[in-house]
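Could you build the full structure based on these sequences and the hints that come with them?
Each chain, written out:
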Amino acid sequence: MTEKTFTDADRHDGIAPDMADQTEAPASVASEAAAVAPMNMIQALNSALHVKMAEDPNVLSFGEDAGYFGGVFRVTDQLQQKHGLTRSFDTPISECGLVAAAIGMGAYGLRPVVEIQFADYIYPAYDQIVSEAAKMRYRSGGQFTSPIVVRSPYGGGIFGGQTHSQSPEALFTHIAGLKVVIPSNPYDAKGLLTAAIEDDDPVIFFEPKRLYNGPFDGWHQKPVSPWKTQDLAQVPTGKYVEPIGKARIMREGNDVTILCYGTMVWVSLAGAEHAGVDAEVIDLRSLVPLDIETIEASVKKTGRCVIVHEAPKTSGYGGELSALVQERCFYHLEAPVTRVCGWDTPYPHAFEWEYFPGPERVATALKAVMTGGSR
Amino acid sequence: MTRNTKPLSLRVPEPSGRPGDAPDFSHLKLDAAGSVDRPPVDARPVQMLDLAFRLIRVLDDEGNAIGPWNPRLDAETLKKGGKTSFYMKCTGEEAIAVAQGMILSREDMGFPTYRQQGLLIARGYPLVDMMNQIYSNAADPIKGRQLPIMYSAKDFGFFTISGNLGTQVPQAVGWAMASAYKGDDKIAITWIGDGATAEGDFHNALTFASVYRAPVILNIVNNQWAISSFQGIAGGLETTFASKAIGYGLPALRVDGNDFLAVWAATQWAEERARSNQGATVIELFTYRGAPHSTSDDPSRYRPGDEHEKWPLGDPVARLKQHLIALGEWSDEAQAEAEAEAVAQVRAAGKESEAIGTLGQSRPSVKTMFEEVYATEDWRLVEQRREVGV
Ligand SMILES: Cc1ncc(C[n+]2csc(CCOP(=O)(O)OP(=O)(O)O)c2C)c(N)n1
Ligand SMILES: [Mg+2]
Numbered sequence: 030m031t032e033k034t035f036t037d038a039d040r041h042d043g044i045a046p047d048m049a050d051q052t053e054a055p056a057s058v059a060s061e062a063a064a065v066a067p068m069n070m071i072q073a074l075n076s077a078l079h080v081k082m083a084e085d086p087n088v089l090s091f092g093e094d095a096g097y098f099g100g101v102f103r104v105t106d107q108l109q110q111k112h113g114l115t116r117s118f119d120t121p122i123s124e125c126g127l128v129a130a131a132i133g134m135g136a137y138g139l140r141p142v143v144e145i146q147f148a149d150y151i152y153p154a155y156d157q158i159v160s161e162a163a164k165m166r167y168r169s170g171g172q173f174t175s176p177i178v179v180r181s182p183y184g185g186g187i188f189g190g191q192t193h194s195q196s197p198e199a200l201f202t203h204i205a206g207l208k209v210v211i212p213s214n215p216y217d218a219k220g221l222l223t224a225a226i227e228d229d230d231p232v233i234f235f236e237p238k239r240l241y242n243g244p245f246d247g248w249h250q251k252p253v254s255p256w257k258t259q260d261l262a263q264v265p266t267g268k269y270v271e272p273i274g275k276a277r278i279m280r281e282g283n284d285v286t287i288l289c290y291g292t293m294v295w296v297s298l299a300g301a302e303h304a305g306v307d308a309e310v311i312d313l314r315s316l317v318p319l320d321i322e323t324i325e326a327s328v329k330k331t332g333r334c335v336i337v338h339e340a341p342k343t344s345g346y347g348g349e350l351s352a353l354v355q356e357r358c359f360y361h362l363e364a365p366v367t368r369v370c371g372w373d374t375p376y377p378h379a380f381e382w383e384y385f386p387g388p389e390r391v392a393t394a395l396k397a398v399m400t401g402g403s404r
Numbered sequence: 041m042t043r044n045t046k047p048l049s050l051r052v053p054e055p056s057g058r059p060g061d062a063p064d065f066s067h068l069k070l071d072a073a074g075s076v077d078r079p080p081v082d083a084r085p086v087q088m089l090d091l092a093f094r095l096i097r098v099l100d101d102e103g104n105a106i107g108p109w110n111p112r113l114d115a116e117t118l119k120k121g122g123k124t125s126f127y128m129k130c131t132g133e134e135a136i137a138v139a140q141g142m143i144l145s146r147e148d149m150g151f152p153t154y155r156q157q158g159l160l161i162a163r164g165y166p167l168v169d170m171m172n173q174i175y176s177n178a179a180d181p182i183k184g185r186q187l188p189i190m191y192s193a194k195d196f197g198f199f200t201i202s203g204n205l206g207t208q209v210p211q212a213v214g215w216a217m218a219s220a221y222k223g224d225d226k227i228a229i230t231w232i233g234d235g236a237t238a239e240g241d242f243h244n245a246l247t248f249a250s251v252y253r254a255p256v257i258l259n260i261v262n263n264q265w266a267i268s269s270f271q272g273i274a275g276g277l278e279t280t281f282a283s284k285a286i287g288y289g290l291p292a293l294r295v296d297g298n299d300f301l302a303v304w305a306a307t308q309w310a311e312e313r314a315r316s317n318q319g320a321t322v323i324e325l326f327t328y329r330g331a332p333h334s335t336s337d338d339p340s341r342y343r344p345g346d347e348h349e350k351w352p353l354g355d356p357v358a359r360l361k362q363h364l365i366a367l368g369e370w371s372d373e374a375q376a377e378a379e380a381e382a383v384a385q386v387r388a389a390g391k392e393s394e395a396i397g398t399l400g401q402s403r404p405s406v407k408t409m410f411e412e413v414y415a416t417e418d419w420r421l422v423e424q425r426r427e428v429g430v
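As you go down the protein sequences, you meet chains A and B in turn. Just so we're aligned: the first sequence equals residues 30 to 404 in my numbering. Just so we're aligned: the second sequence equals residues 41 to 430 in my numbering.
These are computed hints drawn from the structure, not numbers from a lab. Just to be clear, a hint being listed does not mean it is correct.
[As the list claims (entries may be wrong)] In the DSS-like style, the derived pairs of lysine-lysine whose C-alpha atoms are separated by at most 30 Å in a straight line are:
1. LYS251/A <-> LYS407/B
2. LYS257/A <-> LYS111/A
3. LYS46/B <-> LYS111/A
4. LYS396/A <-> LYS194/B
5. LYS194/B <-> LYS119/B
6. LYS391/B <-> LYS342/A
7. LYS342/A <-> LYS396/A
8. LYS222/B <-> LYS194/B
9. LYS164/A <-> LYS275/A
10. LYS329/A <-> LYS396/A
11. LYS120/B <-> LYS391/B
12. LYS120/B <-> LYS194/B
[What the hints assert, rightly or not] Residues of chain B clear of chain A, computed beta-carbon distances all greater than 10 Å:
13. LEU70
14. ALA72
15. LYS222
16. ASP224
[Said to hold, decoys possible] Beta-carbon label-pair distances, calculated as ranges:
17. LEU114/A <-> ASP114/B: 27 to 37 Å
18. GLU383/A <-> ARG387/B: 28 to 38 Å
19. PRO318/A <-> ARG387/B: 57 to 67 Å
From the three backbone atoms N, C-alpha and C, an ideal C-beta is built for every residue, glycine too.
Right, here's the structure in full:
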């Protein structure tokens, strides 16, 4: 398994880097439940889909270029070849249409997993997700449900410009009835996707594309270490479930709590190391439902909280986290809750590393809260 | 109620060939050059329904221009078309944007996708500015804000390209409605790929264009592929893309997109119709995406390797050249000379642009990242800009 990082050549519209050489072992055999293999995030997600499709004929996977070709990032590789044309197929280029079709199938009793090619293209489907999938159970008095998963590569760090880099999670966390999951490593990616497919409610599943091939920590001048060097890339080849709604403490610490998810988990770890601060780094993994106990216990212990996300600051999920922390931990706080976020601009092309919140900015925020100020 | 005699089954369309298969175009019904009638420009859509299913062609196999759609272009115009069409990376689709860019004026607004760079070239937009945009360097006219080839050139009648497919089509209709509202004489022209016609925005555009009789030309560039999906995934096995117009009460023309003269003639028909206040026309331009979807794509993984070579409608540049030679106005030597000149121009522009810098070596000032989010910055952007130290 050779690991590869993104290069400038990979940033063009519509097609992701060629990762075929890394997906030769989709590890799709459910019976080898005990076996463990090193996987990158693409392989782990692919494995979850293979395992669930082998297990449950009601699981389907479809999306733009997600059938024969296996998706522009190869996450749905070989699903069609292995499970058949009617279980994994290409759809017309209509995000609205493909999500709506999934909702209809879900109401019938299937468990469709749809791919939106890039999160930046999810907006045509927004009405179907927000007005329909999210509210179906409630408005029908429980008669109809929407057990669908909407998967989508998400986030920045690949010189993708404004249409291949956005982090729109807050547009979905705001909507009652939706679950929002964002894994940061191969092990969680597979376990959480399995849980999402089995979940009876609609799950928005964002896959930080910058992490597909390695735990990118924001030091963009340095090569990314391959996933296989990480414990969290040792992935069971069979089925397992990681519960939605449980955070993962990535690093225990006493001085400050960092709340983060997706690519920012690795950036936060690097930022804490850079600042030399004993931070407790919490990977939320699921934004809705949120593991409030873990957050509360940590902030009460450390007395300080820094929130890191790639999405723009204004009305980002960090605002919600900040409010929750001050409501529940006010008397334990020794410094203002501080956010490190993307700027309130569209995602630029030429200024990738000025826009993307890196370890330097995290370290600066950590040092500031350690001395009591917010900046 | 009727009971099923057999259980239902789900149909998923598949292309005629995949990697390893021989290309198969036997399903294509190609009308002979000159065989399709040309209705009057004020024909009612219902009087010309068949044109949505035919294929307008002017150039025959020998390169002669024949039939009612022959635009009878003079040799000078043709040479200009031939000459300007060598630079493009929209391989196989060059005729479309070049012909259409030459017919409409800079006052008319084009709402393109990422495959109509020929419009800029045909209108004399500086090649070096195109390259500066591609490199996001300090001289990039759009300040490093967009991916390569997502140009914007208002003065050249070229609307800012969106990465979100389909959005430009109803916007073109709105622009055309504004011209009508103002009593101006400008029209709009827009393009969308076969794949993207599945987006709701395409259908929104047809509804509005029809209801308000907007002076707009709505092109569908059917190049057979949408990344790895063949045109059947967008509905092309059931009907033609041109025929989508019929349900909205719009006239439709279906044209050999590799035939410069046919593209010219159809566009002129639609232009006349729009300028005489008779509203929109849908044109399907039937062509083939010769190149990979983008620089990171490898079509040999989803389509037969030699499909492009076997495309029965040939290459647009070669066909135009053949026509000029048949007219006695051109020669292989003249062609070689023109190509060499074009290559030299591109090289020179490339050098000039690289001297300013390629991606990362040169770029606009970081301050510009915070500008033009709004007409005036609010306190958040001022503070955030200071945090970056610019
Ligand atoms: C709303 C939206 N969905 C998906 C994409 C990703 N995407 C970019 S190009 C493309 C294929 C478009 O095919 P087609 O419309 O036929 O145009 P062509 O590339 O063939 O010119 C796709 C799916 C996008 N850019 N925008
Ligand atoms: Mg196409």
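Results of checking the hints against the structure:
1. Restraint check for LYS251/A and LYS407/B: the C-alpha separation of about 26 Å stays at or below 30 Å, so the hint holds.
2. A distance of roughly 26 Å separates the Cα atoms of LYS257/A and LYS111/A; the hinted pair therefore holds under the 30 Å criterion.
3. At roughly 26 Å between alpha-carbon atoms, LYS46/B and LYS111/A fall within 30 Å of each other, so this suggested pair holds.
4. This hinted pair does not check out: LYS396/A and LYS194/B have alpha carbons roughly 47 Å apart, beyond 30 Å.
5. Restraint check for LYS194/B and LYS119/B: satisfied, since their Cα atoms lie roughly 26 Å apart, inside the 30 Å limit.
6. Proposed proximity of LYS391/B and LYS342/A is contradicted: the alpha carbons are some 41 Å apart, above 30 Å.
7. With a CA separation close to 20 Å, the supplied pair LYS342/A and LYS396/A stays within the 30 Å bound.
8. In summary, the hint linking LYS222/B to LYS194/B is supported, as the alpha carbons are separated by about 19 Å, within the 30 Å threshold.
9. Pair hint LYS164/A plus LYS275/A holds up; C-alpha atoms about 24 Å apart against a cutoff of 30 Å.
10. For the suggested pair LYS329/A and LYS396/A, the alpha carbons sit about 19 Å apart, so the restraint of at most 30 Å is met.
11. With a CA separation close to 25 Å, the supplied pair LYS120/B and LYS391/B stays within the 30 Å bound.
12. At roughly 23 Å between alpha-carbon atoms, LYS120/B and LYS194/B fall within 30 Å of each other, so this suggested pair holds.
13. LEU70/B, annotated as away from the interface, keeps every beta carbon of chain A farther than 10 Å; the closest lies near 25 Å.
14. Listed as outside the interface, ALA72/B is consistent with that label: its C-beta sits roughly 32 Å from the nearest C-beta of chain A, beyond the 10 Å cut-off.
15. Distance check for LYS222/B against chain A: the nearest CB is about 30 Å away, which clears 10 Å, and the non-interface claim stands.
16. Once the 10 Å rule is applied to beta carbons, ASP224/B is consistent with being away from chain A; the minimum gap is 31 Å.
17. For LEU114/A paired with ASP114/B, a C-beta distance near 53 Å fails the hint of 27 to 37 Å.
18. About 33 Å separates the C-beta atoms of GLU383/A and ARG387/B, a value consistent with the hinted range of 28 to 38 Å.
19. Between PRO318/A and ARG387/B the Cβ separation comes to about 59 Å, which falls inside the hinted range of 57 to 67 Å.
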